[in-house]
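> On the provided structure of chain B, position chain C as indicated by the hints.
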Amino acid sequence: MRSLVSFVVLLFVAVVSAISTTGNRLLVVLEDVAEKEGYSKFLGDLEGRGFKLSIETPKSESLSLFHLGERAYDHVILFPTKGKGPNLTANLLLQFFGANGNILLTLSSGAATPSALVSLLTELDIQLPADRTGLVVDHFNYDSTSAPDTHDVLLLPAPGPLRSDIKDIFSAGAPANELIAFPHGVGAALGASELLSPILRAPSTAYSYNPKEQSEAVVDDLFATGEQLALISTFQARNSARFTLVGAAELFQDKWFDADVKKTGGKAVKTFNREFAKRVSGWTFQEIGVLRVNWIEHHLSEVGASNESNPKIYRIKNDVTYTISLSEWSWDTWNAFAVPKNDALQLEFSMLSPFHRLPLTHDAKQSNAEQAAYTSSFKLPDQHGIFNFKVNFKRPFLTNVEEKNTVSVRHMAHDEWPRSFVISGAWPWIAGIGATVTGWLAFCALWMYSGPVGGKKESKKTQ
Amino acid sequence: MSADTLEVLASAGKGQSTRTVLRFIILSLIAGAAIASRLFSVIRFESIIHEFDPWFNFRATKYLVANGFYNFWDWFDDRTWHPLGRVTGGTLYPGLMVTSGVIYHALRALTIPVDIRNICVLLAPAFSGLTAFAAYLLTNEMAPSPSAGLLAAIFMGIAPGYISRSVAGSYDNEAIAIFLLVFTFFLWIRALKQGSMLWGALCALFYGYMVASWGGYAFITCLLPLHAFVLICMGRYSTRLYVAYTTWYALGTLASMQIPFVGFLPVKTSEHMPALAGIFGFLQLLAFLDYVRSAIPSRQFQTFLWLFAGGTFGLGLAALVIATSAGFIAPWSGRFYSLWDTGYAKIHIPIIASVSEHQPTAWPAFFFDLNMLIWLFPAGVYLCFQQLADEHVFIVVYALFGSYFAGVMVRLMLTLTPVVCVAAAISASSLLDTYLNVKSPNPEEHQADDSADGSAKKAAKAGLKSTSKPVVGVYGWLSKGSVAGAMTVYLILFVLHCTWVTSNAYSSPSVVLASRMPDGSQHIIDDYREAYQWLRQNTREDAKIMSWWDYGYQIGGMADRPTLVDNNTWNNTHIATVGKAMSSREEVSYPIMRQHEVDYVLVVFGGLLGYSGDDINKFLWMVRIAEGIWPDEVKEREFFTPRGEYRVDGEATETMKNSLMYKMSYYNYNSLFPPGQAQDRVRGSRLPEVGPSLSTIEEAFTSENWIIRIYKVKDLDNFGRDHASAAAFDRGLKKKKVNKKKGPRQLRVD
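Quick mapping for you: the protein sequence lines, in order, are chains B and C.
Take any residue in the first sequence, count from 1 to its spot, add 186: that is its number in our numbering.
Take any residue in the second sequence, count from 1 to its spot, add 475: that is its number in our numbering.
Isolated chain B, as found in the complex:
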């Protein structure tokens, strides 16, 4: 019965998560419902990917992130609005985020960021420019057709991977001649939190200023410059819920999806915005970069030992094999997860601190197109205790994988030691025992065989 229920649930989940792995109810918050025309292509793309859109304004009475204590939506897009209203406070948004809801937050230099969002971002260790207003400009990488004077439409190449050991999921396969237009955007400064990772950073010549206060004077008190300005940044919480801050809402607008842009002195090129927006929203809404642990298995790998899977207890110095199977969701299929080239998937065998940290190698025999098995065989340490098989694989833009399987490692039982006659060092002692035993028996035999001596001597002795 129980398995049937879980099967039905699983089936249901499978149907629901045909697109995103966490659900398809998407809330779009706009200042005015009419504004959605400007984002029609982006929203249409989302709908085409299977999301069910609900479009609300912050003032709407019916807007509520939770229904009866459960999330009412799986994902939220927040387009710039003047205020966020009582239903979208920082606390509620954080609660939604904490309950595995994904948030795509967009800003715009045109509107001051609502203070609720600022405090939400502060909690996530993201700083916005003072007075909640900022504009990123770059006098070298701007679009000369649309912003010849203001220089506030930045043209950037596709960003490439964050580090060499991270899979490039946002710009892989991007045509070299297409540029991302980042119009009228706000840059943010990221704190040191390890949960934050920027997707798109400003070029080194960009800076952020407040157009209302600092327009005339020479800007001397800059909020941030160059690569410290994150234009699009992500925050993946420990529960793997995703949050993306996009500094320019206009990036998603139709007019920038197929605009021609031109750098000064360059040719007019197409924008990469549509594909880029798809990837950014797809990542945020758990359509790409989602990892799943299919199964974990560990067993004794000794000759003649029982091949029981996942036993609760091992013995010290046992040989064991640990295998973990991982899949990666990519838009609409589960694929075998391939560890990026310069990266490694590692297994820790730890009690208080790791006793072993071993690379897990790909096991082709147990892998197929949908899942990849990684395995490692090793000898358990000579220390009894309660150990954990731990796989702690946390990478930017990938679901956190933190798997802990607890096993006990017991001591040698009294009959598991080699017998004394197997140990060569014990032979002298065994020989000693043998000699004593035979000697004693011989003595007894001799004693009993030899009769008592004559009575004469006996009487003498007693005297």
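Among the hints, a few may not be true.
If the Cβ cut is set under 10 Å, some of the chain B residues that face chain C in the computed set are [to be verified]:
(1) 276
(2) 305
(3) 310
(4) 382
(5) 493
(6) 494
(7) 499
(8) 501
(9) 526
(10) 528
(11) 570
(12) 571
(13) 599
(14) 611
Derived from the structure by calculation, the hints contain no laboratory data.
These figures come from a predicted structure and were not determined experimentally.
Each residue gets a CB set at the ideal place from its N, CA and C atoms; glycine is no exception.
Structure of chain C alone, referenced to chain B:
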């Protein structure tokens, strides 16, 4: 015809077989009394395992019964000492559990279905009946009069010093160990008296059983060689001693080495050296010398003896020193040192000193536990001196050492009690035998005796009127009546005292507390079981509970949850880790708790009820033990006010107020009182108006009388914040923006 019947009746008590029957009946009644007086705890409370250690023994017994002997022998317990685990099968004395297991299976074989818990609860009373019998046997070896034995049996049966460790439910090693102790001593005396290999072997057998049951076996291991040594020094070396001792030692040591927990200790540690190198070796030498003396002339023998003795002593000493310094023989352990210097443990091993039963005994305890026996005891020892056969030397030696150790440690009162009972019985019986004897000795016979002795003595005796006319003196009805009456009153008082002590002081299970309602009725405070039951029902089966080690066994036994530390204090560092977590700030404790995968923290708080055995009162020991390992991070001085007071009120030090233990104890305590009125009833102090706040842990459960408080350790913050600021955000406080003007900007490097 009627005269015949009278004669038969009069001679009824005189026949040998009738006396045996009488003695048997009396001993049975004594055993019955011993068992019955131990059932107070079951009547007052219920059939429940008591205190702390018995809970472990009970759990181990259940494991043994469920999994069989071999699994028990190789038991790796992964539910204690998380995450180290404990090689339980190899670090316990299995005698107690195996005894219960055997009884359980025997009863099952007899188709008597009985719950293992009832066996465990009633094991100690049952064995106390046997102890009474063993005391009877032992005393019979000492005194010619069988009444001494019977007195010893009843003393042993109801002496509070022994009852304290053997009431129903007190399922501890001592429950069977005292019987084994007394019985081993009896067998030793028997073996020594008869020079019998058989009795020596039996002695070794029971010694082996004793080793399997209780760490206190070392007492036998030291006492028997000491007895032998004293006998040798008194010039009483005999082949009887040689046979008894060597048989016992050889077989007993082999038997003791079969217990994994003991293993090679008998040949490696200093505590066991007197028995091995000291007396066993010495006896071989003596036997050899004895042989040499009979073989060579005495003149040469003198020279030979001196050379031989000097050489042996020198060689032996050198060997001992070399072996100790080279590490073949372990030096004296700390527990042992603390027996000689009562202040040693407090300075060097706080974990030993922190146990209340390791404290030196207060003198009223002797009277409390032994009542009139304590003053009959020296008289009995004196009587032993008068006769001073080999077995009496044993009582003298035992009395001397037993008294010393009982004075050093409260719990060793237990080993003193048997000898007190025996000696007191000897003196009481000799008193009673003298004064209850109806017949007066015939003066003529005495005269004849005296004349044989010599005239000088006779002249001296003639000077005293009382001795020449014995009917007015000791043999008069008045003196007989008064002494016998006084003894009867004392014995009745003794019984009353024992009953009162047993019923009032030693029958509390300490798992359940009893108090009186205003109308005098009993009110049971059951917070411990309430909390343990909560843990059992509301937490994951592998939820790790951190608490001070006192409660480890109970959590394991009653709540069936893994613990970090327990009463088997084998790993001082692990205990100190828990002590550090308890005595540090939350920011320090949290990583420790995360690392040890702690899910819940349990504290005992008596402030509401006035229950003084709570964690705040034990807190300084946690601090001391933690300071022993981390002297730079935990400092005892910082928990005292500048004036040297240990306070919990508004004037407590900052370190105290910020310690996890303090916060957990007093968290939300204010809410019970009107503002500013919060009162701690144990320490009698008023608490500050604003109570402590917690951010890394949250309250999960508080028992009815607030004795047990359980906190859940929070997971890491989902958004990577520290817990304090996460809690502040949840309370609605906005985070202050980082002031950019202060210091250089923190740049992010990816």
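> Each hint needs a verdict: does it hold in this structure or not?
Here is how each hint holds up against the structure:
1. 276: holds, 8 Å
2. 305: It holds, given that the least Cβ distance between residue 305/B and chain C is near 5 Å, below 10 Å.
3. 310: holds, 6 Å
4. 382: Holds: closest Cβ of chain C sits about 8 Å from residue 382/B, inside 10 Å.
5. 493: violated, 22 Å
6. 494: violated, 17 Å
7. 499: Given a least distance of 7 Å, the restraint on residue 499/B holds.
8. 501: holds, 9 Å
9. 526: violated, 16 Å
10. 528: The hint is violated - residue 528/B has no Cβ within 10 Å of chain C, the shortest such distance being about 15 Å.
11. 570: holds, 6 Å
12. 571: holds, 5 Å
13. 599: holds, 4 Å
14. 611: Since chain C brings no Cβ nearer than about 16 Å to residue 611/B, farther than 10 Å, the hint is violated.
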